[in-house]
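Listed below, chain by chain, are the residues.
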Amino acid sequence: MQTTTVKVNRNEVVNIILSALRDVLESQGVEELPTLDETTRLIGRSAALDSMGLVTLIVEVEQRLEANYDLVVVLADDRAMSQTRSPFLSVATLADYVMQLAVEQG
Amino acid sequence: MEGSVVLVTGARKGIGRFLAEYYVRRGARVIGCSRSEPDWTLEHYRHFCVDVADEAGVRKMMAAIGKEFGRLDVLINNAGVASMNHVLLTPAATAERIFATNMQGVFLLCREAAKLMQRRRYGRIVNISTVAVPLRLEGEALYAASKSAVVTFTQILAREVAAFGITANVVAPTPIETDLIRHVPKEKIDAIVERLAIKRLGRFEDVANVIDFFIRPESDYITGQVITLGGVG
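Just so you know, the sequences run in chain order F and B. Residues in the first sequence are numbered from 1 upward in steps of one, following our numbering. Residues in the second sequence are numbered from 1001 upward in steps of one, following our numbering.
Derived from the structure by calculation, the hints contain no laboratory data. Hints are supplied without guarantee of correctness; some may be wrong.
Said to hold, decoys possible - Calculated lysine-lysine pairs in the BS3-like style (CA-CA distance at most 30 Å, straight line):
1. B:Lys1067 to F:Lys7
2. B:Lys1199 to B:Lys1188
3. B:Lys1060 to B:Lys1013
4. B:Lys1013 to B:Lys1067
5. F:Lys7 to B:Lys1060
Predicted, not measured: the structure shown is a model, and the values here were computed from it.
Chain F on its own, in the form it takes in the complex:
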């Protein structure tokens, strides 16, 4: 697990992502929510979300990071979009990417 001196805590970031994910799924009318945890896939065949859901999730996570931590980041930046291993693969990889951006911002 990544350690950092910035105010952002990885467990909290995971919780932000999970709660945003839950809200997005509910807003899409998903009645029986699947088990959501760090291993939950965000893209690919077994993804919990469709493509519009992923867009909404990323925006939601950006806004909650901003509201909770004053952390202003663009998650879908050039680096994220060009990585061989997408940071949007799962809740865990997204949390790692958020932590990386937070550390860079200090």
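Knowing the structure of chain F, use the given hints to seat chain B on it.
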């Protein structure tokens, strides 16, 4: 408009300033931005100094709007630069500058505004094009091309953000007495006016009238459209 939050880019002067004042008079809370500070102030108006082509600056402004106002109802992408020149005499730096402000700026503002608007599942985006596009005005190739890009961008954006309750439309004004055409010779302007169905220069009010229509809550079934002033089309 009472209580609505409206963002106007390029608000320091010209149409932008007119629109800022106009929507304040109509009861909106208006935010404006430009690269430099305006030499005027207004109650219920908040100004940000930001270059619309600067991603970090736009992101920061939108975060501040979210924090301060909690919402954004209307975005009017008015900021624009023009440069009249023959293609063979146009420096690459001019082309870059035109596309940075006119296209990249519109894209960044739309992207960040839509993120804020989708929170409330409501938003109205109005982008500005020009009659130089349908009239294929010589001497304005780069400017018109950048505005043509704005039209296509808006039409696709409209489809992508429809699910969030956001509409995106375009108004394409004729020449209006602003700084943008200050250096254009009078005979050039007269020649353009001659090609319009209604033979006069545009007025700020003509632009505001179309924007009013696009941003009405009742216009929620109107998106991806271009309204050109002066009877050109």
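For each hint, the structure was consulted:
| no. | hint | result |
| --- | --- | --- |
| 1 | B:Lys1067 to F:Lys7 | holds (19 Å) |
| 2 | B:Lys1199 to B:Lys1188 | holds (14 Å) |
| 3 | B:Lys1060 to B:Lys1013 | holds (23 Å) |
| 4 | B:Lys1013 to B:Lys1067 | holds (26 Å) |
| 5 | F:Lys7 to B:Lys1060 | holds (19 Å) |
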